[in-house]
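Number of protein chains: 2
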Amino acid sequence: MTEWTNRQKEIINAALEIISTMGIQNLTIKTLSKWINVTDGAIYRHFKSKEEILTSIAEFFKASSTELLNRIVSSREPGINKIKAFFLGRCRQFSENRGLVLVMFSEDIFKGNEAYQKKIYETIHSHKKLLIEAIVQGQKEGILEEIEPEHMFMAVMGALRLLVTRWRGADFGFDLLKEGEKLWKSLEKLISI
Amino acid sequence: MTEWTNRQKEIINAALEIISTMGIQNLTIKTLSKWINVTDGAIYRHFKSKEEILTSIAEFFKASSTELLNRIVSSREPGINKIKAFFLGRCRQFSENRGLVLVMFSEDIFKGNEAYQKKIYETIHSHKKLLIEAIVQGQKEGILEEIEPEHMFMAVMGALRLLVTRWRGADFGFDLLKEGEKLWKSLEKLISI
DNA sequence: GTCTATATGCCGATAGAC
DNA sequence: GTCTATCGGCATATAGAC
Numbered sequence: 807m808t809e810w811t812n813r814q815k816e817i818i819n820a821a822l823e824i825i826s827t828m829g830i831q832n833l834t835i836k837t838l839s840k841w842i843n844v845t846d847g848a849i850y851r852h853f854k855s856k857e858e859i860l861t862s863i864a865e866f867f868k869a870s871s872t873e874l875l876n877r878i879v880s881s882r883e884p885g886i887n888k889i890k891a892f893f894l895g896r897c898r899q900f901s902e903n904r905g906l907v908l909v910m911f912s913e914d915i916f917k918g919n920e921a922y923q924k925k926i927y928e929t930i931h932s933h934k935k936l937l938i939e940a941i942v943q944g945q946k947e948g949i950l951e952e953i954e955p956e957h958m959f960m961a962v963m964g965a966l967r968l969l970v971t972r973w974r975g976a977d978f979g980f981d982l983l984k985e986g987e988k989l990w991k992s993l994e995k996l997i998s999i
Numbered sequence: 807m808t809e810w811t812n813r814q815k816e817i818i819n820a821a822l823e824i825i826s827t828m829g830i831q832n833l834t835i836k837t838l839s840k841w842i843n844v845t846d847g848a849i850y851r852h853f854k855s856k857e858e859i860l861t862s863i864a865e866f867f868k869a870s871s872t873e874l875l876n877r878i879v880s881s882r883e884p885g886i887n888k889i890k891a892f893f894l895g896r897c898r899q900f901s902e903n904r905g906l907v908l909v910m911f912s913e914d915i916f917k918g919n920e921a922y923q924k925k926i927y928e929t930i931h932s933h934k935k936l937l938i939e940a941i942v943q944g945q946k947e948g949i950l951e952e953i954e955p956e957h958m959f960m961a962v963m964g965a966l967r968l969l970v971t972r973w974r975g976a977d978f979g980f981d982l983l984k985e986g987e988k989l990w991k992s993l994e995k996l997i998s999i
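Chains as they are written, first to last, in our numbering: chain A, 807 to 999; chain B, 807 to 999.
Treat the hints as calculated values from the structure; they're not laboratory data.
Check each hint, because a few of them may be wrong.
Listed below are the simulated DSS-like cross-link pairs for lysine-lysine, each with C-alpha atoms no more than 25 Å apart in a straight line [unchecked claim]:
{"#": "1", "chain 1": "A", "residue 1": "988", "chain 2": "B", "residue 2": "934"}
{"#": "2", "chain 1": "B", "residue 1": "890", "chain 2": "A", "residue 2": "991"}
{"#": "3", "chain 1": "A", "residue 1": "984", "chain 2": "B", "residue 2": "815"}
{"#": "4", "chain 1": "A", "residue 1": "988", "chain 2": "B", "residue 2": "946"}
{"#": "5", "chain 1": "A", "residue 1": "890", "chain 2": "B", "residue 2": "991"}
{"#": "6", "chain 1": "A", "residue 1": "991", "chain 2": "B", "residue 2": "991"}
{"#": "7", "chain 1": "A", "residue 1": "934", "chain 2": "B", "residue 2": "988"}
{"#": "8", "chain 1": "B", "residue 1": "984", "chain 2": "A", "residue 2": "935"}
{"#": "9", "chain 1": "B", "residue 1": "984", "chain 2": "A", "residue 2": "991"}
{"#": "10", "chain 1": "A", "residue 1": "988", "chain 2": "B", "residue 2": "995"}
{"#": "11", "chain 1": "A", "residue 1": "995", "chain 2": "B", "residue 2": "924"}
{"#": "12", "chain 1": "B", "residue 1": "935", "chain 2": "A", "residue 2": "995"}
{"#": "13", "chain 1": "A", "residue 1": "984", "chain 2": "B", "residue 2": "934"}
{"#": "14", "chain 1": "A", "residue 1": "946", "chain 2": "B", "residue 2": "988"}
{"#": "15", "chain 1": "B", "residue 1": "935", "chain 2": "A", "residue 2": "934"}
{"#": "16", "chain 1": "A", "residue 1": "946", "chain 2": "B", "residue 2": "995"}
{"#": "17", "chain 1": "B", "residue 1": "984", "chain 2": "B", "residue 2": "890"}
{"#": "18", "chain 1": "A", "residue 1": "934", "chain 2": "B", "residue 2": "946"}
{"#": "19", "chain 1": "B", "residue 1": "988", "chain 2": "A", "residue 2": "995"}
{"#": "20", "chain 1": "A", "residue 1": "995", "chain 2": "B", "residue 2": "934"}
{"#": "21", "chain 1": "A", "residue 1": "995", "chain 2": "B", "residue 2": "946"}
{"#": "22", "chain 1": "A", "residue 1": "995", "chain 2": "B", "residue 2": "815"}
{"#": "23", "chain 1": "B", "residue 1": "890", "chain 2": "A", "residue 2": "946"}
{"#": "24", "chain 1": "B", "residue 1": "984", "chain 2": "A", "residue 2": "988"}
{"#": "25", "chain 1": "A", "residue 1": "935", "chain 2": "B", "residue 2": "988"}
{"#": "26", "chain 1": "B", "residue 1": "991", "chain 2": "A", "residue 2": "984"}
{"#": "27", "chain 1": "A", "residue 1": "935", "chain 2": "B", "residue 2": "991"}
{"#": "28", "chain 1": "B", "residue 1": "868", "chain 2": "A", "residue 2": "991"}
{"#": "29", "chain 1": "A", "residue 1": "991", "chain 2": "B", "residue 2": "995"}
Facing chain B, from chain A, some residues (calculated, C-beta under 10 Å) [claimed, not checked]:
{"#": "30", "residue": "952"}
{"#": "31", "residue": "961"}
{"#": "32", "residue": "966"}
{"#": "33", "residue": "967"}
{"#": "34", "residue": "969"}
{"#": "35", "residue": "972"}
{"#": "36", "residue": "981"}
{"#": "37", "residue": "996"}
All C-beta atoms in this analysis are idealised placements derived from N, C-alpha and C, irrespective of residue type, glycine included.
Let's have the full structure, built from the sequences with the hints guiding it.
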């Protein structure tokens with residue numbers, strides 16, 4: 807399933823809003839149907855199960871972030887610029903759709919939904935692969951420190967994750983992109999030679 | 807509550823085991839009572855609610871990690887050694903009790919249990935404060951890069967978190983302490999001048 | 001497509017016998 | 001302290017009228 811009806815899109819967006827404002831725990835068929843002003847039974851006209859809704863969210867996430875990544879990878883920029891573009895692109899993406907934060911940073915939440923987990927895992931993994939290629943490229947260009955590329959990946963993405971976690975903890979109360987830019991400047995100092 | 811009966815300790819440990827093997831979703835009074843071979847009603851002789859069990863887990867976490875941290879802080883080591891000791895100490899701690907991983911890295915999971923969240927939040931926050939003091943100390947000693955201490959904290963602890971997440975994803979199938987040591991060597995290169 | 005009504009199951013928690 | 005039995009609540013999902 808890669809094409810959705812308008813109602814389906816409405817449901818997916820509502821689910822993302824509920825997740826980001828009230829937490830995944832409160833995403834039930836009931837809260838979802840109330841959100842878009844229909845009764846709970848009506849939801850099942852559009853999705854055959856709650857699991858299918860979650861899987862659709864995973865597909866939405868994949869579609870919207872793969873686009874960002876492909877744009878970056880196909881550019882002929884130095885490795886470090888690619889990493890920066892990804893780092894800040896993610897900040898922008900999260901700012902625009904807060905629901906995606908939870909989708910991406912929730913290893914436990916969706917336990918039990920294998921289709922969902924598999925898709926998220928694949929997506930994150932392919933991103934990781936491409937970023938590590940950019941790191942290797944940067945090392946070859948003599949700009950990045952010569953450490954295990956995977957370790958550099960962990961430092962950069964781990965820092966981003968903590969920033970986003972703090973942002974959520976602060977109820978999205980600061981400008982993620984602005985703070986992301988500051989953080990990136992610090993990280994750049996660390997990873998550059 | 808800071809002292810527990812044997813049965814209570816048994817229940818707390820069982821809960822941690824269930825969380826680490828089957829996920830927090832499957833921690834119910836029923837799975838818990840089955841795990842230690844009593845009926846569900848019997849649990850309520852030892853804890854008055856499920857919430858109280860979770861809060862006890864938070865207290866257990868606090869007790870076991872504060873001890874580590876105090877030992878480190880009171881030492882007269884250079885700042886960077888303190889950070890290293892904390893980093894590897896955490897790896898060791900998680901290796902010894904896998905349940906603690908989920909306790910620490912689960913912003914969402916325990917939503918709804920305010921007592922739990924508050925305690926975990928306080929604990930993590932006090933650790934962060936002490937670590938940042940160690941970073942500032944290291945910068946004064948001229949050993950660590952002169953960037954925003956908070957950003958260095960995020961890079962180091964974020965990387966640790968991703969390592970631990972990978973460890974869990976691999977079903978604890980590699981030696982966390984060993985991989986942690988490798989990761990630390992890389993991080994040391996990044997943050998040192 | 002949406003409504004109301006309902007089936008089914010699991011959850012946390014309690015009562016009372018032993 | 002543990003047992004069995006049970007309550008009330010809420011979850012997903014279905015059936016049938018409109």
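### Task
Given the hint that residue 995/A pairs with residue 924/B, test it: the Cα-Cα distance must not exceed 25 Å.
violated (35 Å)
### Message
Does residue 995/B sit within 25 Å of residue 991/A, going by the straight-line distance between their CA atoms?
### Response
Distance of about 18 Å is within 25 Å: holds.
#### Entry: Hint check, residue 961/A versus chain B [nearest Cβ-Cβ separation less than 10 Å]
At about 5 Å, which falls below the 10 Å cut-off, the nearest Cβ of chain B leaves the hint on residue 961/A intact, so it holds.
### Task
With a cut-off of 25 Å on the C-alpha distance, tell me whether residue 988/A and residue 946/B pass.
Within the cut-off at roughly 22 Å; holds.
### Task
Mind checking the alpha carbons of residue 935/B and residue 995/A for me, to see if they're no more than 25 Å apart?
holds (23 Å)
### Task
Given the hint that residue 935/A pairs with residue 988/B, test it: the Cα-Cα distance must not exceed 25 Å.
This hinted pair holds, its Cα atoms lying about 20 Å apart.
#### Entry: Given hint residue 988/A paired with residue 984/B - CA-CA distance at most 25 Å
The given pair, whose Cα atoms are some 33 Å apart, is violated under the 25 Å limit.
### Task
Assess, step by step, whether the Cα of residue 946/A is no farther than 25 Å from the Cα of residue 988/B, and give holds or violated.
holds (22 Å)
### Message
Tell me if the straight-line CA distance from residue 991/A to residue 991/B falls inside 25 Å.
### Response
It holds: about 22 Å lies between the C-alpha atoms, which stays within 25 Å.
### Query
For the hint on residue 952/A, does the least C-beta distance to chain B fall short of 10 Å?
holds (8 Å)
### Task
Starting from residue 988/A, check that the Cα of residue 934/B is at most 25 Å away, please.
Roughly 19 Å between the alpha carbons, so the hint for residue 988/A and residue 934/B holds.
### Task
Return the status of the interface hint for residue 981/A: holds when the least beta-carbon distance to chain B is below 10 Å, violated otherwise.
violated (16 Å)
Of the hints listed earlier, those the structure fails to meet are numbers 3, 9, 11, 15, 18, 22, 23, 24, 26, 28 and 36, in rising order.
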